[in-house]
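Visitor: Residue numbers (my numbering), protein chains in the order written: chain C, 1 to 492; chain V, 1 to 76.
Rather than coming from a laboratory, the hints here were simulated on the basis of the structure.
Be aware that a few hints might be false.
Stated by the list, open to error - Okay, derived cross-link-like pairs now, DSBU-like style, lysine-lysine, Cα gap no bigger than 30 Å in a straight line: (1) V:LYS30 with C:LYS73; (2) C:LYS304 with V:LYS49; (3) C:LYS410 with C:LYS423; (4) C:LYS423 with C:LYS377; (5) V:LYS76 with C:LYS134; (6) C:LYS323 with V:LYS76; (7) V:LYS75 with C:LYS210; (8) C:LYS377 with V:LYS13; (9) C:LYS304 with V:LYS76; (10) C:LYS476 with C:LYS423; (11) C:LYS174 with C:LYS120; (12) V:LYS13 with C:LYS73; (13) V:LYS49 with C:LYS52; (14) C:LYS342 with C:LYS30; (15) V:LYS75 with C:LYS174; (16) V:LYS49 with C:LYS210; (17) C:LYS174 with V:LYS30; (18) V:LYS49 with V:LYS75; (19) C:LYS352 with C:LYS423; (20) C:LYS210 with V:LYS13; (21) C:LYS342 with C:LYS423; (22) C:LYS345 with C:LYS304.
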Amino acid sequence: MMRGFGISIRPRTVFMAFQSLRSFLEALGKNGQLVTLHDIVYPEPDVRTYLKAAADLDNDSPAIVFDNIMGYKGFRIAGNVHGSWVNHAILLGMDRNANIRQQFFQVDRLWQDLSSGELKWVDNAPCQEIVVEKNINLYELMPLFRINQNDGGYYFSKACVISRDSEDPENLDKENVGIYRVMVQGPDTLGMQPLPYHDFARHLRRCEEKNESFPVAICIGNPPWLTTMAATPLPYGQSEYIAAAAIMGEPIELTKAIGSNLNIPAHCEYVIEGEVIPRQRFCEGPFGEFPGSYSGARNQIRIKVNRVTHRRDPIYETLFIGKPWTEHDTLIGLWTSVPLYKQLKAEFPEVKCVNAMYQHGLTIIVASDMRLGGFGKTLAFRVASTPHGMSYAKNIIIVDGDVDPFNLEKVMWALSTRIRAEKDVVVIPNTPGVPLDPCTDPPGVGSKLIIDATTPVAPDRMREITMIADPPGSAKAAERLREILKEVRPQF
Amino acid sequence: MICVRCLRDTARKVAEAPDRSGVWEVYYCKRCNYSWRSTEEEQITVLEKRDPEFQLDQEDLESLSSPNPIPPLEKK
Ligand SMILES: [Zn+2]
C-alpha cells in the first residue's frame, strides 16, 4: 500500500475500513444516504418494487432498510447498499459528488498490492451470537422474498460463498470468497450456480472426482469491502479476504466457522454452514440475471445446511438484480474496469482509462493514446484476451486517450467523427461468450465487435483536418466557476 | 399438495410467518424445487394465471442442461 510522506494518498479522515455492514449503513445514514422504510410491506411484491424504484432514482439513490415486513415482524432487510455512485463515493472515502471518472482513479489508487492485506482472528464473533443447529428452517430464520416475479424461488443475491481448495486446504490464498446466486430449496437445502470459469467450480471438480463432499459457508450481510472484492474478478490464488484487507488498510476481522476450518467475516449478519453434496444435480432457477432477462431452469449443485448462526438482531442484506441499471451494475462496474485497465496498461502504457461498466463488461470502452497506425485494434485484441474479456468483452470500443470513456457524449462524438466503417469496424465470429448473454447461441458462444474510433496516426492517415483547440485556460476557468457555484448553492 | 409449477403432488407446507401472525404460509415442491408464499401475486399462486413459459409440468427434469457437468470419477 502506498503511504507517502506529507502526501495523503487517500483522505484518511474520511476513508473508513468498515468492518461490518452496519458501520457502513451508519456512515450512509450520516451522509443522508439511508432510508428506513417503516411502512408495512409484503415480502412480495413490495420489497422488489421498492428496490427497483430505488435503483431507478438518480445518482444519489439511498440504501433502503425495511423494518416492517408482513409476517417477518422484528426482521430487517437492507438493499441498494452499493446501489448508487454517491454510496460508492462514501465507501471510497470521497466527496459525495465525486464523479465516476474520479471514482475510477480512486479505485486504481486503492488497488495497489492486494496481497499485502492482513487477517485478524477474533473470538466471540458477533456473527455467532445465535447458533441454530436443530429444526433449521431458512424460511423462518430470515426474511426471504422473491426478487423477480418469475424466479424459481427465494434467492440470496448478495451472499459471499466461502470454500477451500481440498488439495491445498491450509492455503489461505486459495480460500475463495465469491458471490454466487443461491436458491433456497426447502427448509435446510440450497441450490447454487457456480459457472465453470468461477473459482468455486475448481473446488467442486476436485471433490466430485473423488466423490467427496466439502464444506461451504454462506455469509449474508457482509462488510462492504468484502462484498466488493468478492464481486471483483481476481486471479485464482488471490484471497478476497487479503485483498479486502489491503484496500481497507487494516486487518479484516475473521473468525472460524463452527463446523469446519473455513474463515468467515466476524461481523457479518448471518452465516449458513453446510456441505456440497457431490455428484448430484437438482433443478435450479429460473433467476432474473444481470442482462435483464431470466436464465432458465438448469441442473445445479445442492448444499445441505448443517447450521445457521447469526447476530442477535440480524440485518438480511439483498441486492436487486434485473433490467439495468441496478445495484449489481454499480457494485461491480468500476471493479471490473480497473483490473482491465491495469492489465492493459502493464503492456501498453499509452492506455489512459477503461470503462467496462456495462453488463459486467459486455461492452468495454478503452481510452488510449495511439502508438502507431492500427494500434486501436491491438488494444482490442488485448482486451479480448484478458481473463475477464475472453468471454465478457463482446463490444470493444477504442477511443483516443483524451476522450473520457465515462462521458458517453464524448464517446458518441468519437464514434460519430472517427469511424471509417470499412476499416474500423470488425466482427470476429464464434468466440467465447457469456451464457447469460441472450445473444450467445449456443449459450456461451458469441462474437466480438471491435470499433476503433480513434484518430488515425502514421503510417495510417486521415483526411487533413484542423481541430478546434480548447481555450488554454478553460480547466482553470472551470475550477473558478465551481468555486463561485459553491457560494451560490451553499446548501449543496 | 399439488405444486403450482410442475403440477405434481410433491409440494408441502414448509413454513409459517415466524412472527406468529399467521399472515402467510410458504410451500415447497421437492420435485422441481419451487417455493411460493400464499400472499404472493395471483400470477404465482393461481394456476390459471401463471405464465406457461415458466411452468415445468412437461419437462423431464433429468434432461435439464447442467452448466457444471459431473466429472468422471478419479481412478483409484
Ligand atoms: Zn414442482
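Visitor: Work down the list of hints and note, for each, if the structure agrees.
Guide: Structure-based check of each hint:
no.	hint	result
1	V:LYS30 with C:LYS73	holds (28 Å)
2	C:LYS304 with V:LYS49	violated (33 Å)
3	C:LYS410 with C:LYS423	holds (21 Å)
4	C:LYS423 with C:LYS377	holds (10 Å)
5	V:LYS76 with C:LYS134	violated (37 Å)
6	C:LYS323 with V:LYS76	violated (48 Å)
7	V:LYS75 with C:LYS210	holds (9 Å)
8	C:LYS377 with V:LYS13	violated (58 Å)
9	C:LYS304 with V:LYS76	holds (27 Å)
10	C:LYS476 with C:LYS423	violated (38 Å)
11	C:LYS174 with C:LYS120	holds (17 Å)
12	V:LYS13 with C:LYS73	holds (20 Å)
13	V:LYS49 with C:LYS52	holds (24 Å)
14	C:LYS342 with C:LYS30	violated (34 Å)
15	V:LYS75 with C:LYS174	holds (25 Å)
16	V:LYS49 with C:LYS210	violated (46 Å)
17	C:LYS174 with V:LYS30	violated (34 Å)
18	V:LYS49 with V:LYS75	violated (51 Å)
19	C:LYS352 with C:LYS423	holds (23 Å)
20	C:LYS210 with V:LYS13	violated (36 Å)
21	C:LYS342 with C:LYS423	holds (28 Å)
22	C:LYS345 with C:LYS304	violated (44 Å)
Violated hints, listed in ascending order, are 2, 5, 6, 8, 10, 14, 16, 17, 18, 20, 22; each of the other numbered hints is respected by the structure.
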